[in-house]
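S.K.: Spelled out from the first residue to the last, the chains are:
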Amino acid sequence: AQSVTQLGSHVSVSEGALVLLRCNYSSSVPPYLFWYVQYPNQGLQLLLKYTSAATLVKGINGFEAEFKKSETSFHLTKPSAHMSDAAEYFCAVRAPGGGGFKTIFGAGTRLFVKA
Amino acid sequence: KAGVTQTPRYLIKTRGQQVTLSCSPISGHRSVSWYQQTPGQGLQFLFEYFSETQRNKGNFPGRFSGRQFSNSRSEMNVSTLELGDSALYLCASSLGQENEKLFFGSGTQLSVL
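In order, the protein sequence lines correspond to chains A and B. Residues in the first sequence are numbered consecutively from 10, following the working numbering. Residues in the second sequence are numbered consecutively from 80, following the working numbering.
Derived by calculation from the structure, the hints in this document are not laboratory data. Note that the coordinates shown come from a computational prediction; the quantities given were computed from them, not determined experimentally. Where a beta carbon is used, it is the ideal one built from N, C-alpha and C, also for glycine. Be careful, since some hints might not be right.
Straight-line C-alpha distance at most 27 Å; calculated DSSO-like pairs for lysine-lysine [claimed, not checked]:
hint	chain 1	residue 1	chain 2	residue 2
1	B	136	B	180
2	B	136	A	58
3	A	78	A	58
4	A	78	A	67
5	A	78	A	123
6	B	136	B	92
7	A	67	B	180
8	B	180	A	78
9	B	92	A	77
10	B	180	A	58
11	A	67	A	77
To give an idea of the interface, some chain A residues facing chain B are shown, with a C-beta separation under 10 Å as derived from the structure [as the list claims (entries may be wrong)]:
hint	residue
12	50
13	51
14	86
15	105
16	115
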């Protein structure tokens with residue numbers, strides 16, 4: 010069965026520092042992987058998704074993620090953190106089932122950005 | 080194009096009561112998924128409806144049920160509420176295709192007292 014594991018429920022970085030949020034997946038088939046962000050009191054919105062066209066995926070707000078099949082990882086990075094990046098981030102995999110598809114989320118990583 | 084709309088935004092209920100939550104998907108989207116979000120648990124998949132049929136179901140007790148109407152609007156019902164049902168319930172819509180993102184509503188915050 011497909012699943013995702015996010016390492017670290019909380020990550021704290023200084024403004025301007027590198028952001029690295031870790032995600033490992035388990036999938037018996039080529040995975041469809043996503044990163045979503047959730048700001049306080051809001052639903053989730055897509056940051057980026059892996060489409061198999063390229064292993065390095067660029068998303069919104071300067072985030073990117075690299076798909077590494079050998080490591081079964083899809084870590085999210087941003088070169089320079091901004092205060093507005095403080096939010097909760099979810100890695101997700103889209104899995105077939107029931108004749109359709111369902112999206113399975115990791116437990117989430119809350120990002121804190123210090124001034 | 081209007082986004083995913085969930086009503087009500089907040090609900091307070093007492094144990095033993097039942098509750099119905101509503102979700103209107105983006106126009107043209109036929110798939111509606113429901114998730115329960117609690118601190119530390121992430122998003123737990125409840126079920127997915129596509130063209131009025133439940134296509135996928137998570138590991139929740141039978142007290143949690145749902146349905147989808149012909150206009151793709153969906154409702155979720157929780158009967159005999161328990162304190163542990165307090166959570167943010169999120170609805171997401173999509174076309175139901177393979178490598179596709181979900182569009183989320185802002186959620187219904189349910190508090191069970």
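S.K.: Decide, hint by hint, whether the structure agrees.
M.R.: Here is how each hint holds up against the structure:
Note on residue 136 of chain B and residue 180 of chain B: the hinted pairing holds, with a Cα-Cα distance of about 19 Å set against a maximum of 27 Å. A threshold of 27 Å between alpha carbons decides the hint, and for residue 136 of chain B with residue 58 of chain A the separation of about 24 Å falls inside it, so the pair holds. Simply put, residue 78 of chain A and residue 58 of chain A have alpha-carbon atoms about 15 Å apart, close enough for the 27 Å limit, and the pair holds. A C-alpha spacing of about 17 Å is found between residue 78 of chain A and residue 67 of chain A, which places the hinted pair at or below 27 Å, so the restraint holds.
A distance of roughly 33 Å separates the Cα atoms of residue 78 of chain A and residue 123 of chain A; the hinted pair therefore is violated under the 27 Å criterion. With a C-alpha separation of about 25 Å, the suggested pair residue 136 of chain B and residue 92 of chain B falls inside the 27 Å cut-off, and the hint holds. For the suggested pair residue 67 of chain A and residue 180 of chain B, the alpha carbons sit about 15 Å apart, so the restraint of at most 27 Å is met. At most 27 Å may separate the alpha-carbon atoms for a hinted pair to count; residue 180 of chain B and residue 78 of chain A meet this at roughly 21 Å.
With a CA separation close to 46 Å, the supplied pair residue 92 of chain B and residue 77 of chain A exceeds the 27 Å bound. For the given pair, residue 180 of chain B sits about 8 Å from residue 58 of chain A by alpha-carbon distance, which is consistent with the 27 Å threshold. The straight-line distance between the Cα atoms of residue 67 of chain A and residue 77 of chain A is roughly 15 Å, inside the 27 Å bound, and the hint therefore holds. Restraint check, residue 50 of chain A versus chain B: the minimum CB separation of about 7 Å is within 10 Å; hint holds.
Look at residue 51 of chain A: its Cβ gets to within about 6 Å of chain B, closer than 10 Å, so that hint holds up. Of the supplied interface hints, the one on residue 86 of chain A is violated, with its beta-carbon coming no nearer than about 20 Å to a beta-carbon of chain B, more than 10 Å. Of the supplied interface hints, the one on residue 105 of chain A holds, with its beta-carbon coming within about 8 Å of a beta-carbon of chain B, less than 10 Å. Annotation: interface hint on residue 115 of chain A holds; nearest CB of chain B at approximately 6 Å, less than 10 Å.
In this structure, the hints that do not hold are numbers 5, 9 and 14, in rising order.
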